[in-house]
Each structure stands twice: as C-alpha cells, then as structure tokens.
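**Student:** Residue numbers (our numbering), protein chains in the order written: chain V, 125 to 269; chain Y, 3 to 447.
Quick caveat, the hints were computed from the structure, so don't treat them as lab data. Model, not experiment: these values are computed from the prediction. Don't take each hint at face value.
[Claimed, not checked] Within a straight-line C-alpha distance of at most 30 Å, the following computed BS3-like cross-link-like pairs (lysine-lysine) qualify:
hint, chain 1, residue 1, chain 2, residue 2
1, Y, Lys288, Y, Lys337
2, V, Lys250, Y, Lys337
3, V, Lys247, Y, Lys438
4, V, Lys257, Y, Lys438
5, Y, Lys428, V, Lys250
[Unchecked claim] Each pair of labels, with its calculated beta carbon distance range:
hint, chain 1, residue 1, chain 2, residue 2, range
6, V, Asp254, Y, Ala129, 48 to 56 Å
7, V, Asp254, Y, Thr420, 19 to 27 Å
8, V, Pro252, Y, Ser341, 24 to 32 Å
9, Y, Leu366, V, Lys257, 33 to 41 Å
10, Y, Lys170, V, Asp254, 17 to 25 Å
[As the list claims (entries may be wrong)] With the Cβ distance kept under 7 Å, some of the chain Y side facing chain V (calculated, not the full set):
hint, residue
11, Pro76
12, Asn97
13, Gly98
14, Asn173
15, Thr175
16, Trp267
We put the CB at the ideal spot given by N, CA and C, even for glycine.
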Amino acid sequence: MNSKTYRFTNRTRLTASLLVAAGTVLGLLAACSSDGGNNKPSNPVITTGGGGHGGGGDEDAGESSVGGSANPGAGSGNKAGSANGGSGDVEEEGGAGGAAGEGGPGPISCPDSDLGFLNQETKSQKAPFDNSKRLGAAAALPPLP
Amino acid sequence: MALNTRIGLHPALRWPVAAALGLAALAGTGSAQAVTCSSVISSRNLSHVIFGSGGSAITATLAKVAYKLSQANPPINVFYQDNGGAQVGYQSFKNGTGGTTSRPFKYFLAEADVTGTAPTCTADDPAVGQAVDFATTGGTLALFGETLPSDVGVFIGPTQGVNVIVPKDSNETSISTEALYSVYGFGPAANLTGADNPIPWTKKEYIIQRAPTSFVQQLLRGAIQTLGGNAANFPPDFSNAATLTKVHSSSGNDDNQGTVDSLVWAATQGHAQDAVGFTSGPTADKNRASVHTLAYQHTDQTAGYWPDSTPDSFDKRNIRNGHYFLWDTNQFFTKINGSNAKPKLSDIVNEDVRNFIGYFSGELFPPDGTDINRAVAETGSIPLCAMSVKRETDFTGLSCYAPGTPCGCYFESIVTGTATCDACSKDSECGGSAPKCHFGFCEAY
C-alpha cells in the first residue's frame, strides 16, 4: 500500500483533505470575486492549473503569471496556491505544476500593495531619479506659493 | 442621436453624387468647418451614425477604430469632438451641446482622415449644438469633480499612459513625483538650494501645461497629490508655473499634440534642456522623432520606469504589469436603461453605441475583418485584453487582472513587430504552459 492509497483509505484524513481543498477553493473564490484592494485577481480565469506563463516577451521570463498563481496545487513555486492551500496533500493531488512561463508582461507574483507592484523585480530598463541631488531644498516639498 | 438613413440611389451613383454634393457644400460655405454634419451624412449616405465627445488623448485611437468601423458591414460611423479637453467633452454630452462652431465634430471616413487632418462638421445650429450619444474621458469623472446622471452608465475601454516628455535633444532621462511638484507647483520660484545637479525646468515659458479640463493634466495633478502633505491640495490650474499648450500648438487649441508642438518650439529657441511637458502616451509615441519620454519614478518607488520596457520599445510592458504609475483606463459614458450601479452593455439605449463600446472593451467581437485590438495597439493604446493589472480608482488599488480572452502575445506581436509567443490557429497547436490559442498565439489560458 503506497502512501497515496493509504491516505484515501483513511476516512479521517480524506475528510480533512477534502475540507482543506474545499476551503482553498472557497477562499480563492472569495479572493477573486471581491472588488477593491490589492492582490485580488479580477477573474478566477485560469482553471487549468497552468503554470507561470505570462504571455509574450523575453522579460520577467518564467516568473510572471496572473492566473497561474491562483490555482491550488498548480505550478510549483505557486505563491497563492501554497499560501491558501496550505496542505501538502492537496498540492500533491493537484498534479504536476505547470512549466515556468516564457515571458510576458505580468507581474512576478501578485503583490499585495500598490508599492509592491511599483517595485516588483523586473528586467526593464531603469532610470533612478535622486530627489536630493536634483531638487535640493525642494525635495522637502515646501508649501506651495 | 443615432441616424439610420439610406438614400435610394443606385450604388454606382452614390459616390459621384456624394462627391458632388460634398463639393457643393464646401463651395457654398467657403470652409470645411462650416459644413453641417447632417449634410455630410446625407451626401455620404451614411447609416448607423453616432456622435461622441471627449478629450484628445484617445482621438488617435478612436479615429482609427472609427475608420475601421466605417468600412465594416454593418458599419458604425462615428463623429467625435475633442476640442477643449475631456471635461468639456463630457459636458457637451451631458448638456447636449456638441458640434458648436468652436468644437466641431471630426469624422473619419477615409484613411487620410486618420493619418492626416480629419475633416470637421457642426450641428445644424452651431451656436447651440446638438445631442451627443456618448462621451469618453481618459479617467474617471472624479478627476474633474463631475457627477454621473442617473440615466448614464459608465463602461471601460482601452488603457493609456500619460507621458512626461522633453525635446529630443534634452539630456534628461527621468523625473519624480517630487520633481513634478516642484516644476508645476513653483516653476521659476522653485528653491533648489543644495541640489548638486539641479533640474533645469525652472523657466515658465518652457514648462508646458494643458488646460485644467484635460485628462492628462488632472491625472498628473492626482499623481502629485498622492505625495500628501503640502501636495494634497495641489491646484488643478498649473498656470503660476507653466505655459498653456495653445500658445504654441499648431492647431491653436489646447490639445495633446500642442504639448509636442510647444516643446519643438522651445528646442528651436535653443531651450531644449529647459523644456518639459506632458501628453498622452499615443501622442508621445507618434512624435518620438521630436520628443522623448522621461522615465517616471513615483514616490517611494526605487527607480524610474518608462511606459515601455526600454526607452525605445513600444511594448507598454511597464503599464501592463504595474511598474509605471501614470496610466488610466478610458471611460465611456452613454444613456442606459435601468440602474447605473453596475450597468451591462445590454443596458445601453443606442444599439450602435452599445456595439461601439463593446468592440472597444473587448466584450463584443467586431464584424469580420475589423480588427479593433490591432487598431488600438497601433495607435499607442492598450486593449484591456493585454493588461495584467487593473486599478480600482484612478490612482490606487492596483491588483492583478486576468482578461477573459488574453491578447498579450498578439499585442506584443503588433507593437514590437516580433512574435514572442508560439503562433497557432487552434488550441491543439499549443501546449505546455500556453495551451490556449487566442488571436493567433498560444496563451496561458
């Protein structure tokens, strides 16, 4: 009897797994259907358990997916899945994770604040602006005239 | 006011007759602007006509979409007024005063009307104006302090960036929210004491602003206000610090192109380093030969970013994934049946407006051969299906967004000219992490 068979012949553990799975699904539905706030995909769009493909492009490769991260037991390295699912059993049953994405515009993960989006990792070209060096006293935002 | 007119002429006779009528109309009035829209509709035998008004940020995109739809079967023929900024456009819709002499409708029935100067026409009574079927603004009505009548619904369309731009020969590459506060709050009065490398934008005649009724100005103002403190009440009128676009715009009007025209003028005066302005993303993209966009660093952001992944690309990746702050989603306003709390497309009273907005938002598939997403992308806007983030308000509440039918791969293929995803014609040609075929490319779902 391998561990998988054992788990599903153990009624208590099966019930617990189902409850965790159901909770995960309900939690995800709640997260995805709410208006407002951050870190809430607007649509529970990925239902295939796909991995982190975020669309076209050669940047943010393999890191960017909106929907992929929202599926319990889906892709490996799935932040939302592991955080909400929380059960190794459920993730195991979820099947193999989707392959890492090949690029795309999507964020690396789904940040939980506006600043998280603004400062997410990227390979895009940057141009820092040093407020102190460029504005001097004006950097302190004095009262308007 | 939708007009569904059809004159009983043999098709072979329609264009010659229409041309003759058009020429007669022009000859009779002596100027294209004095032509009434009803005469254009009659002479061109147009059906499915709708009138819109709003800002100029979306005009390039709307013009191309309108032209495509004018060629579709069935067509939609769009007349659009954009003089005076988004708020004025919205008020024309709300008050039924479109197509006055000072704010005529443009129309886009030929490709040259899109690539060149669009012809214009007025209401039958150009002093009073006429009813308008829809309005559109680059962001929400909250930007302008306007309210929504109970019989009007709001619908969203493509996303656009707002770009801070400088003349092509400027050495500057980036700007911050704090710098915008200084430039547009103080202008020549800015106290840059202690700055090792002070910003050059301190001469009022070369700091360019739009009118306070424009979407781009209110979006910039709102971004500055996010600084809080002394910036929380940043005024809508930047006139203490800056010069209006209409002073140097080629049209003589306050519009997005006017900002570019003003910066070009500044450069010809030997002040390329002193000049700065802001305009819609599509306008900035269209004028990359004469201006360049600054990377924008929002407050508490660790670096400045361009709307695109590099200064020279067109992929809009940093808007689409939330790195770039200065963007918003177009709003469409039109009469609806029922409550405007969460209106549906089917609530829209005018069927042609319903289809027009539905094509723009991606909720409806356009007629065969009419590629709205391509038209949107080619004009510097971003169809919603190519976005990975959305905002709850104009400035806050970023969240991940997964469109129902994604088109990120298709969008990038258009704007970059390079296919970054596997091409396909059906799902079975896709696999792995991108199993679904949408718009000719394998997408993640």
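**Student:** Please go over all the hints and tell whether each is borne out by the structure.
**Tutor:** Each hint, compared with the structure:
{"no.": "1", "hint": "Y:Lys288 - Y:Lys337", "in the structure": "violated, 33 Å"}
{"no.": "2", "hint": "V:Lys250 - Y:Lys337", "in the structure": "violated, 44 Å"}
{"no.": "3", "hint": "V:Lys247 - Y:Lys438", "in the structure": "holds, 26 Å"}
{"no.": "4", "hint": "V:Lys257 - Y:Lys438", "in the structure": "violated, 50 Å"}
{"no.": "5", "hint": "Y:Lys428 - V:Lys250", "in the structure": "violated, 38 Å"}
{"no.": "6", "hint": "V:Asp254 - Y:Ala129: 48 to 56 Å", "in the structure": "holds, 54 Å"}
{"no.": "7", "hint": "V:Asp254 - Y:Thr420: 19 to 27 Å", "in the structure": "violated, 34 Å"}
{"no.": "8", "hint": "V:Pro252 - Y:Ser341: 24 to 32 Å", "in the structure": "violated, 48 Å"}
{"no.": "9", "hint": "Y:Leu366 - V:Lys257: 33 to 41 Å", "in the structure": "violated, 51 Å"}
{"no.": "10", "hint": "Y:Lys170 - V:Asp254: 17 to 25 Å", "in the structure": "holds, 24 Å"}
{"no.": "11", "hint": "Pro76", "in the structure": "violated, 31 Å"}
{"no.": "12", "hint": "Asn97", "in the structure": "violated, 31 Å"}
{"no.": "13", "hint": "Gly98", "in the structure": "violated, 33 Å"}
{"no.": "14", "hint": "Asn173", "in the structure": "violated, 12 Å"}
{"no.": "15", "hint": "Thr175", "in the structure": "holds, 5 Å"}
{"no.": "16", "hint": "Trp267", "in the structure": "violated, 25 Å"}
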